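Protein sequences, first through last, are from chains A and B. Residues 1 to 328, numbered by my numbering, are exactly what the first sequence covers, in order. Residues 1 to 328, numbered by my numbering, are exactly what the second sequence covers, in order.
Just so you know, the hints here were simulated from the structure itself, not pulled from any lab data. Possibly wrong hints are sitting among the right ones.
Which copy is meant is left open, so a pair is good if it fits within one copy or across any two.
[What the hints assert, rightly or not] Listed below are the simulated PhoX-like cross-link pairs for lysine-lysine, each with C-alpha atoms no more than 20 Å apart in a straight line: (1) Lys302 to Lys60; (2) Lys143 to Lys196; (3) Lys325 to Lys108; (4) Lys60 to Lys42; (5) Lys302 to Lys108; (6) Lys325 to Lys143; (7) Lys150 to Lys258.
As the structure is a computational prediction, the values presented were derived from the model and not from experiment.
2 protein chains.
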Amino acid sequence: MSIRIGIMGYGNLGRGIECAIKHNPDMELAAVFTRRAPETVKILTETAKVCRVDEAESMKDEIDVMIMCGGSATDLPVQTPKFVQWFNVVDSFDTHARIPEHFENVDKAASESGHVGIISVGWDPGMFSLNRMYANAILTNGKDYTFWGKGVSQGHSDAIRRIDGVKDGKQYTIPVESALESVRRGENPELSARQKHTRECFVVAEEGADLARIENEIKTMPNYFDEYDTTVHFISQEELDRDHSGIPHGGFVIRSGKTGWNDEHSHVIEYSLKLDSNPEFTSSVIVAYARAAYRMNKEGQKGCKTVFDVAPAYLSVLDGAQLRKHLL
Amino acid sequence: MSIRIGIMGYGNLGRGIECAIKHNPDMELAAVFTRRAPETVKILTETAKVCRVDEAESMKDEIDVMIMCGGSATDLPVQTPKFVQWFNVVDSFDTHARIPEHFENVDKAASESGHVGIISVGWDPGMFSLNRMYANAILTNGKDYTFWGKGVSQGHSDAIRRIDGVKDGKQYTIPVESALESVRRGENPELSARQKHTRECFVVAEEGADLARIENEIKTMPNYFDEYDTTVHFISQEELDRDHSGIPHGGFVIRSGKTGWNDEHSHVIEYSLKLDSNPEFTSSVIVAYARAAYRMNKEGQKGCKTVFDVAPAYLSVLDGAQLRKHLL
Chain A
1 MSIRIGIMGY GNLGRGIECA IKHNPDMELA AVFTRRAPET VKILTETAKV CRVDEAESMK
61 DEIDVMIMCG GSATDLPVQT PKFVQWFNVV DSFDTHARIP EHFENVDKAA SESGHVGIIS
121 VGWDPGMFSL NRMYANAILT NGKDYTFWGK GVSQGHSDAI RRIDGVKDGK QYTIPVESAL
181 ESVRRGENPE LSARQKHTRE CFVVAEEGAD LARIENEIKT MPNYFDEYDT TVHFISQEEL
241 DRDHSGIPHG GFVIRSGKTG WNDEHSHVIE YSLKLDSNPE FTSSVIVAYA RAAYRMNKEG
301 QKGCKTVFDV APAYLSVLDG AQLRKHLL
Chain B
1 MSIRIGIMGY GNLGRGIECA IKHNPDMELA AVFTRRAPET VKILTETAKV CRVDEAESMK
61 DEIDVMIMCG GSATDLPVQT PKFVQWFNVV DSFDTHARIP EHFENVDKAA SESGHVGIIS
121 VGWDPGMFSL NRMYANAILT NGKDYTFWGK GVSQGHSDAI RRIDGVKDGK QYTIPVESAL
181 ESVRRGENPE LSARQKHTRE CFVVAEEGAD LARIENEIKT MPNYFDEYDT TVHFISQEEL
241 DRDHSGIPHG GFVIRSGKTG WNDEHSHVIE YSLKLDSNPE FTSSVIVAYA RAAYRMNKEG
301 QKGCKTVFDV APAYLSVLDG AQLRKHLL
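Bound-form chain A, shown alone:
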């Protein structure tokens, strides 16, 4: 029998989850839940329903895992603890500073209801976190580096679009190649924000807008751009739509460290991602963890988990003997 998945929220991530379910034959999409009027929401899966959010509770016996596709700022802190009352859930909560608090809230609700809630799943937090953790456990005497990009930062793109006179815009975060190379050589450099990443902006200005002022406002924007070397290109809406409509991303997690009785040997562990579609890759990770949530709960586990708490085998459609034979 298939694992029956619900999708809570149907934006980029929700659509990515729908596509990922198609790539996992042991799963099926049962329903999409939306705050919009259900009849206005068109989904790709013919066999699945579109429902109102408030219908979810009544469908608790029809869904094995609910995947939470809302935002980290206001949706997930409320929704994940709420829906784990009725379902196993997976979310991609990524507000780093609030993870401990979110974990506590989900753990309390999940422990009471007897469900499994896996939080902060995706690639960062998620696969990058896992690789940082494994590398730290192996090379205890070492140094961590995370580089992001080349990819679109939604937050920085939004910040550009809020500037007066800007009609549209997109921002790419780009790792500095020479910094990456130094880290890969095990040189353990101390790197400032500016030395690790550059920022490149493609901006569509409103007619008659003061381009010099816009460029200056971007480059000096506190927290977002002032600590980086930023390039600004003014282009037409047509060019933006044609050349910058994708949501690529990626990055590098590198740890270098020493072993030997006198720390005489160096090692470098590197994990990297090159992603055409950030939401679809995130979704692919989440769906594998939905399988884990389902299986762990079937075994009687409950409470809040993160990627650190999930034995890798739970993610795979293969059983233990197949994994040992084909992938070990």
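Could you slot chain B onto chain A? The hints should help.
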């Protein structure tokens, strides 16, 4: 209280384990067990004992985890099931075709004795296996590639040294850069053995030996060299000792795959290692899994496990709250 480690066998791997324990403050080396006369074996750790192998059973209350440092061909198939009667054990069994059989033997003995035995730990099998598995679970529609090197292959070096007229020698396995690049670009190439790796040999010939014959014997050796482009350099023993005494290794695990409703997006996941010392890195992985074996057994778990069965958090000296705060 520290986790008390025993080392069974004191070769390159055993010495690596000893160094790795020094880098993990929650562990201590209790004893090294050797088939040699204990008084002839000098170890680095002043507080640890050197004992005969047959003394191990009597020390079962003094050691929490026994790390098996014998060879996969003849030692581990016998030793790991034997010592898991008395100890939690970790081994680095790497004879791929015999892993299912080894798993069964260790699982039977460990289940009966109530211990945890983690087998096939290291980097391949080990961290490479884990990365293959995670990447397969995420990108279900994709293709796997493993490249090894640049590094010393012990088996190929031994094969060279068995040739008549060869005094000493070392073989490096080297990934073909253009193949790596094609894989990284997501081109999903079909690659023969020759297209993936080249082999470079440094050979010390005996005085008066027929160098052309030796070179030909190497290059045409079935299974080892005949399917590869091989370069042979004749050098002096002094040069070999000076320039080729290390045991570096490493490699790349790459999976590329498609997502999207119509497989319209490509992604590449890459994990790579660059290691100055193959046995010391392998040891660092094993010691982290020794911590896991100890903790899992404390929780009441027993039986044979592989890296697929061990939740990542068990490897880290940090607790769950610390991991979530600092590494998620």
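A quick look at each hint next to the structure:
Taking CA atoms no more than 20 Å apart as the test, lysine 302 paired with lysine 60 passes inside one copy only; the shortest distance there is 16 Å, against 35 Å between copies. For the identical chains of this complex, lysine 143 and lysine 196 are intra-copy neighbours only, at 15 Å inside a copy versus 31 Å across copies, given an alpha-carbon limit of 20 Å. In this assembly of identical chains, lysine 325 and lysine 108 lie within 20 Å of each other by CA distance solely across copies; the values are 18 Å between and 39 Å within a copy. In this assembly of identical chains, lysine 60 and lysine 42 lie within 20 Å of each other by CA distance neither inside one copy nor across copies; the values are 23 Å within and 65 Å between.
Taking identical chains as interchangeable, the C-alpha atoms of lysine 302 and lysine 108 lie at most 20 Å apart only when both belong to the same chain, with a minimum of 10 Å there against 29 Å between chains. Proximity of lysine 325 and lysine 143 under a CA criterion of 20 Å is satisfied inter-copy only: 17 Å between copies versus 34 Å inside one chain copy. In this assembly of identical chains, lysine 150 and lysine 258 lie within 20 Å of each other by CA distance solely across copies; the values are 19 Å between and 29 Å within a copy.
Hint 4 from the list above is the single one not met by this structure.
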